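Asker: Sequence:
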Amino acid sequence: MEFKINTILHPVRMRIMQSLLGGKELTAQEISNRVSDVPQASLYRHLNRLLEAEVLEVVEENKVRGTMEKVYALSNQLETMTAKEVKEASPQEHFGFFFGFLTNLLGDYEEYLQGENIDLEQDGVSYRQLSVYLSDGELRKLLTEIRAIVAKVIENEPTTERRLRSITTIVIPKDTREKEDQHGEFSGSKSDN
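Just so you know, the sequence shown maps onto residues 1 to 193 in the working numbering.
Think of the hints as simulated: they come from the structure by calculation, not from any bench. Every value quoted in this text rests on a predicted model; they were computed, and no experiment measured them. We put the beta carbon where it would ideally sit given N, CA and C, even for glycine. Hints may be right or wrong, so weigh each one.
Label-pair restraints from in silico Cβ distances [as the list claims (entries may be wrong)]:
| hint | residue 1 | residue 2 | range |
| --- | --- | --- | --- |
| 1 | V171 | K24 | 37 to 47 Å |
| 2 | A73 | K174 | 34 to 44 Å |
| 3 | T7 | T159 | 42 to 52 Å |
| 4 | L21 | E110 | 37 to 47 Å |
| 5 | S131 | E30 | 34 to 44 Å |
Keeping only pairs whose Cα atoms sit at most 25 Å apart, straight-line, the calculated BS3-like set for lysine-lysine is [what the hints assert, rightly or not]:
| hint | residue 1 | residue 2 |
| --- | --- | --- |
| 6 | K141 | K84 |
| 7 | K152 | K174 |
| 8 | K24 | K63 |
| 9 | K152 | K87 |
| 10 | K152 | K141 |
| 11 | K152 | K24 |
| 12 | K24 | K84 |
| 13 | K174 | K87 |
| 14 | K141 | K87 |
Modelling step: build the complete structure from the supplied sequences, incorporating the hints.
Answerer: Written as structure tokens, this is what we have:
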């Protein structure tokens, strides 16, 4: 279980999986076009790791100039298997998964900051934390609306005008026990950093 989730959390593998979202079936060359900054030898290593973990599957093989060209797709079992594994993970394993996720996120940001001619405003870089009070129903509605907005752009193909951008959402419930100060008044805080 830990092997599969750690396999998925690698930033290059996440990009490979993202290129196959929406039921896409792509060859290694087509995937390479979408993750053009990844050297081809590295791409094949990542594809093999995803195949071994049964995150990807080969859905077709075509003979091209004497070699077999594989066509890759996300495994049909990926969602169910991953959901089951996440549900069965211990709190320590969840912390490890989240730490791995944050490490990858930090690596992406460090790589961006080391680029040439960075312009946070022009590039649309943003990070903030906002705490809000939501019922379970309101949270589900909000997440559904966010998914609907993202679904409109997730199928975008790369073009010369389009730049690959990572959008990250993290939802963590806070301790809901209300605390009263000495005067019996509720003390809490909301922040937007």
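Asker: So, for every hint listed, does it hold in this structure?
Answerer: Do the hints match the structure? See the list:
1. Between V171 and K24 the CB atoms are about 27 Å apart, so this pair departs from the stated range of 37 to 47 Å.
2. At about 39 Å, the beta-carbon gap between A73 and K174 stays in the expected band of 34 to 44 Å.
3. At about 30 Å, the beta-carbon gap between T7 and T159 misses the expected band of 42 to 52 Å.
4. Between L21 and E110 the Cβ separation comes to about 26 Å, which falls outside the hinted range of 37 to 47 Å.
5. Taken as a hint, the range 34 to 44 Å holds for the pair S131 and E30, whose Cβ atoms sit roughly 42 Å apart.
6. Only pairs whose Cα atoms come within 25 Å are accepted, and K141 paired with K84 is accepted, the gap being roughly 24 Å.
7. The hinted pair formed by K152 and K174 fails the criterion: a straight-line CA distance of about 30 Å is larger than 25 Å.
8. Straight-line distance between C-alpha atoms of K24 and K63 comes to about 20 Å, which keeps the hinted pair within the 25 Å bound.
9. With a CA separation close to 29 Å, the supplied pair K152 and K87 exceeds the 25 Å bound.
10. Restraint check for K152 and K141: satisfied, since their Cα atoms lie roughly 17 Å apart, inside the 25 Å limit.
11. Taking the CA atoms of K152 and K24, the gap is about 16 Å. The hint holds against a cut of 25 Å.
12. The straight-line distance between the Cα atoms of K24 and K84 is roughly 24 Å, inside the 25 Å bound, and the hint therefore holds.
13. Taken as a hint, the K174 and K87 pair is honoured in the structure, with Cα atoms around 20 Å apart against an allowance of 25 Å.
14. A C-alpha spacing of about 22 Å is found between K141 and K87, which places the hinted pair at or below 25 Å, so the restraint holds.
Of the numbered hints given earlier, the model fails hints 1, 3, 4, 7 and 9; all others are met.
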